[in-house]
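> The sequence shown runs -34 to -1, 1 to 712 under mature numbering (1 follows the signal peptide of the UniProt record, and there is no 0).
FYI, nobody ran anything at the bench for these hints, they're computed from the structure. All values derive from a computational prediction rather than experimental measurement. Check each hint, because a few of them may be wrong.
[Said to hold, decoys possible] Only pairs whose alpha carbons sit at most 27 Å apart, straight line, appear in this in silico DSSO-like list of lysine-lysine:
#, residue 1, residue 2
1, Lys336, Lys364
2, Lys643, Lys628
3, Lys377, Lys398
4, Lys336, Lys346
5, Lys85, Lys183
6, Lys645, Lys628
7, Lys337, Lys364
8, Lys346, Lys377
9, Lys411, Lys377
10, Lys364, Lys499
[Said to hold, decoys possible] The calculated label-pair distances, taken between Cβ atoms and stated as ranges, are:
#, residue 1, residue 2, range
11, Glu516, Gln660, 52 to 60 Å
12, Lys384, Lys342, 45 to 53 Å
13, Arg338, His276, 24 to 32 Å
14, Phe329, Ser557, 36 to 44 Å
15, Gly389, Leu324, 42 to 50 Å
16, Phe584, Arg338, 51 to 59 Å
17, Arg376, Glu588, 18 to 26 Å
18, Ser147, Asn119, 47 to 55 Å
19, Ser662, Leu354, 53 to 61 Å
20, Gly389, Glu588, 27 to 35 Å
We put the beta carbon where it would ideally sit given N, CA and C, even for glycine.
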Amino acid sequence: MVFRLPPDHLPDLHVHSLLLLVLLGILSPPPSSSNYIDPSALLPDAPPCYNSSIISLPSAPARPYVVLDISILSGYVRIVGRAVAWRCYDNSSGASLPPPDRGLSLRGTPYTFSDAHNKFTAVGCDAMVLMLAQGGGANHRYSGGCVSFCATNDSIVSGACSGVGCCQVSLPKGLKSLNFSFTSIRSLTGSTHKDQSGEPCSKAFIVDEDYYAFSKKDLVGNPEDQYRPMVLEWSIGEETCAEVTGKRGGEFDDDYACKGSSYCYDSTNGIGYRCNCSRGFRGNPYLEETEGGCQDIDECADPKTNPCVHKCINTVGGFNCTCPFGISGDGLRAGSGCEGLAPLAIGLVAGLGLLAVLLALGFWAEWFRKKRKQTKLRQKFFLQNGGLMLQQQIFSQKAPARIFTSEELRKATDNFSKDRILGRGGYGTVYKGVLSDQTVVAIKKSKMVDQTQIEQFVNEVVILSQINHRNVVKLLGCCLETQVPLLVYEFISNGTLFNHLHSNQTAPMPWEDRLRIAVETAASLAYLHSATKVPIIHRDVKSANILLDECYNAKVSDFGASRLVPYDQTHITTVVQGTLGYLDPEYFSTSLLTDKSDVYSFGVVLIEILTREMPISFCRSEEGRNLASHFTMLVEQNRLLEMLDQRVVKEAGVRHLNEIAKVALRCLRIKGEERPKMKEVLVELDALRRLMKQHSAEKSQEKLNIPPQSQIQKEISADEPSALCCSNSQQDSLEDALLLSMDFPR
C-alpha cells in the first residue's frame, strides 16, 4: 500500500506529488486498488509528533510500507511499516506464543537505517530485547538492546520512554540489517510473581523519533495492525567521493551518478556518496540538465525578493550585485549593502569640491578686482570732473546741490534701462528715475564734456542749483563718478510744449493757455538774464525745452548748453551750440553769445505758439523752410492770416494777434542790438494778455448784462488763484511776474 500523507502532517516534505514508489522489494506494491487507504483516515488529527504512533491496516497484505516523504537532496525516504518483531507470552505459564521473532534486512538495496532519525524501541512490561545488527561490510556487526518492565498499568507514564513500559537506544551508523531476540525478565530472575499489567506481548521496532511519542495504547492491540514511521537513508554505491574520483586520475567514470552542475559529497551514514546541485542551481542532480537536472536559479527574477539592494545581475550559477556609481558596498541585503562613497567617488567629490572652492575664490577675487577697479575709476572720474572743487563750492556757498553716487542713479534708473528713457536730445539722453526716498527725478546723461571747462561747469552747477523760480526746472544735483557727469533735475510729468503744439493725438491748446505759457517762459528767461547772481544765457531755448506740469505751468529746462556771463561783459565768445530753426543767425555767424540770442530763440517759440508750424519744414518752399524767415516774409506781404492757427484767430481776434506778431518780429530782428530785452518782451506780452482778458470779460458782461460793478468784481476775481491750479493765476499780474523774476535765490 503506497500513499503520501498530507503536507501539513510532514515536517520536511520535499516531494509534494503523490509518490507511488516500490523500494527495491522492501516496499511491496498493493495487490489491488482496494488496499489503497486514504491517509486522512489513518491519521485524522496527527500533529508532527503523533499522539499515537500506531497505524492500523487490517486488510493490508504482508509487509506493506507507506512512503511519507522522499528527499533527493538529503538522501532519505520516510516510510510507514508494521512492528518489526514481537513476542507474546502466556500469563499463566509464561510460555512464548507464536509467531517467532522477526528481523529486517536492507541488504541488496541502497538503503540503510538512519541513525540520525531513528531509534530502536521496545515496548512491553516483561521484555529484554536484544538487537543483533550488521552494517554494510561483512565484519560490521553490532549488538545492543534495552529492558522494559512494568509491574502494573498505573506505573506506566505516556510520553516517557525510560524503561517503564518503553525503552529506546540509538542505532549505529550504516545499519543494513537487524534481528531481535526477546527474553522474559521473570524467567531470567526466576520470579514466580505474575505480570499484573495484563499485557501479554512485547514489541520491538525501528521508529522515527520525531514522529513517535510513547503511549499506553502502544502496549495493547494486535502487532500485525500497528504501523509506525521510520527513515531510510540511501546513497550511491559503497565508495566515497575521493575513491570514486581516484579511480581514473581524478576523472569520473560512466557510472558516476552526479550529472552536470552538481557536486559529490560523502553520505552521512558512512556508506557511499550522494549528489547535490551546485550553488546557484536547483533540480535533480542525478539527471542531465536537458532532462530536468540542475538548472540555473535566476536570483534576480523578483525585484522584491532578490538579494541585492540596488541592481541585481543574474549569472550562470550565481548573481552580481552592483551599487550606484560612486557608492561603495557589496550590494547585498544581508551584507554591507550600498553605503558610503567609493574611493573614486570620494576623490571625485573632493576634487569637485576643491574645484568649486577654487572657482568661488577665483570669482570672488575677480569680483573684488573689478569692484576695486570700478571704485578707483569712480574716484578718478570724481576728481577729473571737479568733485573736490564742487564739494568746496557747495560748502562755502551753502548751495542746495546734492552730489549723487553712480550706484544711486544706476538703481534709480534700473541700470539706465531703455524703458526709462524720457527723450533724447543733441546733448544727451534723459532718463526717468526713482530715488531711494521715492522722489521721482529726471536724469540727464550728456554725450560729452569739455575737460578744459570743468571749473566753469562746477560753478554753473552751483549757481543753477540755487535758481528758485517756479517756471524753471530745478537742478537737484549731479553725479561726477562717471566719465560724463550726470545732472539730476526735478521731474515734470506733462510732457513738452512741442508735443502739445505739434501732436495730432492731443486737442489743440486754447489761446489763453498758449499766451500764459509764453508769458511764463518770458518771465523765466528774464529772471535768468537779470535776476540771478550771475546772468545765465540758456543758449537752447525751444518748445521742446519748455516742460508743462500737471496744471500746464511752463517749466524751462535743459541747461546743458547754458553759459554764465559775468556782469562786466555783454557777450562771450563760444563754440556755436543750439538747435536749427531756433539758432540766432548773428550768434551763428559771429560766435558772439549774448542774452539777445535767447530773445531770438524765444521769438521762434512765440511764432510756433501762434501758428503751430514746425521751426524747420521741408513741406514749405525753399525760402520758407525756416519758420522765422517764412513768418517775416508773410507779415511783410500782409498775409499773416494765412499762417495763423485758425483756432487762435477765432479765440483772440486779428487785432490782438497782430500785436503778438509784432512782438515776435521784434525778437526776430537780425541784429541783436535791435531786439528787445526779455524784460521788455515780458512787459509787452503780459500787457497784451491783460487786455485780452479784459476784452473777454466785457464780452461776457454784454451777453449776461452784468452791472459795471459786478464786471469789476469779476475782473478782480479772475485774477484770484484757481482752486485746481493756483500757481497759474499767481502770474496773472505783470507786477507779480516782475517781482518773481527779480527774486534772488535763497
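> Hints the structure violates: just list their numbers, smallest first.
When the structure is compared with the hints, numbers 1, 7, 11, 12, 13, 14, 17 and 18 turn out to be violated.
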